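Each chain, letter by letter, is given below.
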Amino acid sequence: MQPIIEVKNLIKRYRKAERNAVDDISFEVQPGELFALLGPNGAGKTTTISILTTTLSATSGRVKIAGYDLERESGAVRQNIGIIFQNPSLDMNLTAEENIRFHAILYGQYPFRPAFSMMPKIYKDHVHELASVLGLDDDIFKPVRTFSGGMKRKLEIIRSLMHRPRLLFLDEPTAGLDPQSRIALWEYLKQARKESGTTICLTTHYLEEAEEVDRVCIINRGKIVSYGTPQEVMANLIDEYLLIDADDRKRLQAELTGLGITFSETPLFKIGLNGQSAHQILKSIETPLTVVRLHLPTLEDAYLAIMGQEEHA
Amino acid sequence: MHNLNAIAALAYRDLLKFLRDRPRLISTFIFPFIFIVAMGGSLQANLGRNIGYDFLTFIFTGVFAQTLFQSATLGIISIIDDRENDFSQEIFVSPISRYAIVFGKIAGESLVALAQGVAIVILGVIIGVPISLPQMAMLGVAGVAICLFAGAFGLVIVANMKNRRSADQIFNFVMLPQFFLAGVFAPIKVLPIYLEVLSRISPMRYAVDLTRSCFYAGLSEYPSVVLAGPEYNLVVMGIGFSAFLVAGTFLFVRNELNR
Numbered sequence: 000m001q002p003i004i005e006v007k008n009l010i011k012r013y014r015k016a017e018r019n020a021v022d023d024i025s026f027e028v029q030p031g032e033l034f035a036l037l038g039p040n041g042a043g044k045t046t047t048i049s050i051l052t053t054t055l056s057a058t059s060g061r062v063k064i065a066g067y068d069l070e071r072e073s074g075a076v077r078q079n080i081g082i083i084f085q086n087p088s089l090d091m092n093l094t095a096e097e098n099i100r101f102h103a104i105l106y107g108q109y110p111f112r113p114a115f116s117m118m119p120k121i122y123k124d125h126v127h128e129l130a131s132v133l134g135l136d137d138d139i140f141k142p143v144r145t146f147s148g149g150m151k152r153k154l155e156i157i158r159s160l161m162h163r164p165r166l167l168f169l170d171e172p173t174a175g176l177d178p179q180s181r182i183a184l185w186e187y188l189k190q191a192r193k194e195s196g197t198t199i200c201l202t203t204h205y206l207e208e209a210e211e212v213d214r215v216c217i218i219n220r221g222k223i224v225s226y227g228t229p230q231e232v233m234a235n236l237i238d239e240y241l242l243i244d245a246d247d248r249k250r251l252q253a254e255l256t257g258l259g260i261t262f263s264e265t266p267l268f269k270i271g272l273n274g275q276s277a278h279q280i281l282k283s284i285e286t287p288l289t290v291v292r293l294h295l296p297t298l299e300d301a302y303l304a305i306m307g308q309e310e311h312a
Numbered sequence: 000m001h002n003l004n005a006i007a008a009l010a011y012r013d014l015l016k017f018l019r020d021r022p023r024l025i026s027t028f029i030f031p032f033i034f035i036v037a038m039g040g041s042l043q044a045n046l047g048r049n050i051g052y053d054f055l056t057f058i059f060t061g062v063f064a065q066t067l068f069q070s071a072t073l074g075i076i077s078i079i080d081d082r083e084n085d086f087s088q089e090i091f092v093s094p095i096s097r098y099a100i101v102f103g104k105i106a107g108e109s110l111v112a113l114a115q116g117v118a119i120v121i122l123g124v125i126i127g128v129p130i131s132l133p134q135m136a137m138l139g140v141a142g143v144a145i146c147l148f149a150g151a152f153g154l155v156i157v158a159n160m161k162n163r164r165s166a167d168q169i170f171n172f173v174m175l176p177q178f179f180l181a182g183v184f185a186p187i188k189v190l191p192i193y194l195e196v197l198s199r200i201s202p203m204r205y206a207v208d209l210t211r212s213c214f215y216a217g218l219s220e221y222p223s224v225v226l227a228g229p230e231y232n233l234v235v236m237g238i239g240f241s242a243f244l245v246a247g248t249f250l251f252v253r254n255e256l257n258r
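In the order they appear, the protein sequences are chains A and B.
Under numbering that gives the first Met the number 0, think of the first position of the first sequence as 0, with each following residue one higher.
Under numbering that gives the first Met the number 0, think of the first position of the second sequence as 0, with each following residue one higher.
The set of hints was computed from the structure by calculation and includes no laboratory data.
All values reported here derive from a predicted model rather than from experimental measurement.
A portion of the hints provided could be inaccurate.
[To be verified] Residues of chain A clear of chain B, computed beta-carbon distances all greater than 10 Å:
| hint | residue |
| --- | --- |
| 1 | Arg77 |
| 2 | Asn86 |
| 3 | Asp90 |
| 4 | Glu97 |
| 5 | Phe140 |
| 6 | Ser147 |
| 7 | Gln190 |
| 8 | Ser263 |
| 9 | Gln308 |
[What the hints assert, rightly or not] The calculated DSS-like cross-link candidates involving lysine-lysine, where the alpha carbons are at most 27 Å apart (straight line), are:
| hint | chain 1 | residue 1 | chain 2 | residue 2 |
| --- | --- | --- | --- | --- |
| 10 | A | Lys193 | A | Lys123 |
| 11 | A | Lys123 | B | Lys188 |
| 12 | B | Lys188 | A | Lys120 |
[What the hints assert, rightly or not] Derived list of chain B stretches under chain A, where covered just means 3 residues or more per stretch with a C-beta under 8 Å from a C-beta of chain A:
| hint | region |
| --- | --- |
| 13 | 15 to 23 |
| 14 | 88 to 102 |
Glycine included, C-beta positions come from ideal geometry on N, C-alpha and C.
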């Protein structure tokens with residue numbers, strides 16, 4: 000299958016900058032995938048997204064989106080993508096419906112009409128349907144200014160999906176939202192994805208959000224430092240280990256040595272699993288234990304470990 | 000067709016935005032009011048008899064042109080304001096031609112400026128400026144020409160600007176000097192040579208003079224108020240509009256990508 004995003008040797012150096020903001024990166028995203036771009040502030044995430052969404056031109060490299068060349072066919076690229084920006088891009092003086100209407104007109108779905116009542120019936124029905132999904136049947140004709148943060152985000156997502164893009168970019172979509180709105184937003188995104196099969200490419204600071212993605216790409220100082228499924232990224236970096244302790248530490252120490260189990264004292268006894276089951280190890284120990292803790296890596300651990308290595312480099 | 004619809008939508012959005020922004024509405028009417036009533040009224044009372052024409056009318060026509068010119072220019076410049084945190088982002092990533100963005104913005108800011116022009120004419124009628132219906136029509140024609148000219152001028156400025164901070168300086172360095180060089184409040188029939196040069200390179204001069212040459216056509220004050228005929232002003236503005244529009248659109252579209 001043809002990748003929906005193909006990035007080859009992408010480089011971006013801002014005017015008068017001393018180093019490349021994006022430094023020779025290459026990656027691919029397959030249709031239908033949920034893809035996450037992670038990295039600290041200033042790593043080059045937003046720069047990359049800006050280039051992929053045609054608002055910034057690259058210094059060199061080749062990018063194809065939905066099969067179209069980014070440089071030569073930017074109009075076709077724009078028609079095929081939807082974008083949710085880091086900062087809200089709703090017009091606060093307009094109503095929710097007007098925001099949606101102007102979007103549909105800009106994407107060539109309907110001719111311009113100055114009022115909702117003059118729009119075609121199919122559009123009106125669509126808007127009423129969207130309004131009930133949003134749970135704001137009465138408020139759809141009120142200025143967006145009066146909406147809550149979560150509501151605005153939801154409206155932006157609905158708006159960005161109006162023209163049925165094949166690829167949706169989300170630049171830190173949940174930044175500044177309370178946990179409840181964040182969960183609701185993800186529920187909605189998942190549902191939209193299931194219904195339309197839209198490919199999603201997102202950047203985020205919340206690593207637990209990235210755990211559920213199909214593929215992650217971690218970038219730092221403009222370079223890719225890790226790339227793969229979350230499991231691959233975690234496996235390459237973090238070991239699973241067991242932490243145990245006993246009142247009689249001497250006896251435990253002797254027993255572990257006798258069993259040939261390698262450990263380190265941290266001060267808890269830390270035993271790397273390296274593929275063995277924790278159950279087998281625990282079963283073989285006779286000394287009464289006071290602490291048993293199993294450590295399974297999270298993407299956050301992997302991320303912090305990668306960034307730690309980067310610091311030393 | 001798609002692009003024409005987009006231009007109409009962009010222009011309509013600018014007008015809606017203006018009409019719904021109450022503080023902005025009020026402030027755009029307060030300044031012309033102060034200029035015309037306070038300044039025009041006091042100058043007319045003190046100097047009017049010596050000058051040979053009605054000073055209130057003179058300032059009214061000047062402020063009409065200045066308000067339209069300024070509103071259209073600064074309106075275009077506001078594109079830089081919200082490029083990073085508003086609907087503009089949405090416009091820049093939509094699949095419409097970059098030229099449609101430029102034309103839509105100029106059309107929209109022209110509508111906003113003309114709405115203010117209507118209010119100024121109403122204000123003029125209320126305070127007793129003698130305006131006939133044909134004169135109102137002439138003001139309308141001049142107003143459209145001024146908006147397009149000023150919009151293209153704003154585009155050249157915004158295309159050369161890097162950020163919000165330089166946008167804040169535009170009023171002080173580009174607009175304010177023109178109030179005096181263009182003869183909005185004070186006659187510039189006679190000027191020392193260095194001011195004459197500066198005046199002739201001020202775009203607003205031609206907007207103000209076009210308005211007066213239309214408004215005073217056929218009146219006895221015409222020779223003492225108007226600097227050059229409407230044809231001359233229209234030709235200068237036409238050339239300026241074409242040059243600003245071509246250069247501004249080119250620079251604007253290029254800068255959008257090469258940041």
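Verification of the hints:
1. Arg77: 4 Å, violated
2. Asn86: 4 Å, violated
3. Asp90: Given a closest Cβ separation of 4 Å, the condition is violated.
4. Glu97: Label violated. Min Cβ-Cβ 7 Å, cutoff 10 Å.
5. Phe140: At roughly 13 Å from the nearest Cβ of chain B, Phe140/A sits farther out than 10 Å, so the non-interface label holds.
6. Ser147: Correct as stated: the minimum Cβ-Cβ distance to chain B is 18 Å, above 10 Å.
7. Gln190: Check passes; 23 Å lies beyond 10 Å.
8. Ser263: 50 Å, holds
9. Gln308: It holds; Gln308/A is separated from chain B by about 32 Å at its closest Cβ, greater than 10 Å.
10. Lys193/A x Lys123/A: 24 Å, holds
11. Lys123/A x Lys188/B: Outside the cut-off at roughly 59 Å; violated.
12. Lys188/B x Lys120/A: Outside the cut-off at roughly 60 Å; violated.
13. 15 to 23: holds (count 4)
14. 88 to 102: Since three or more residues must qualify, the claim that chain A covers the region 88 to 102 of chain B holds, with 9 doing so at under 8 Å.
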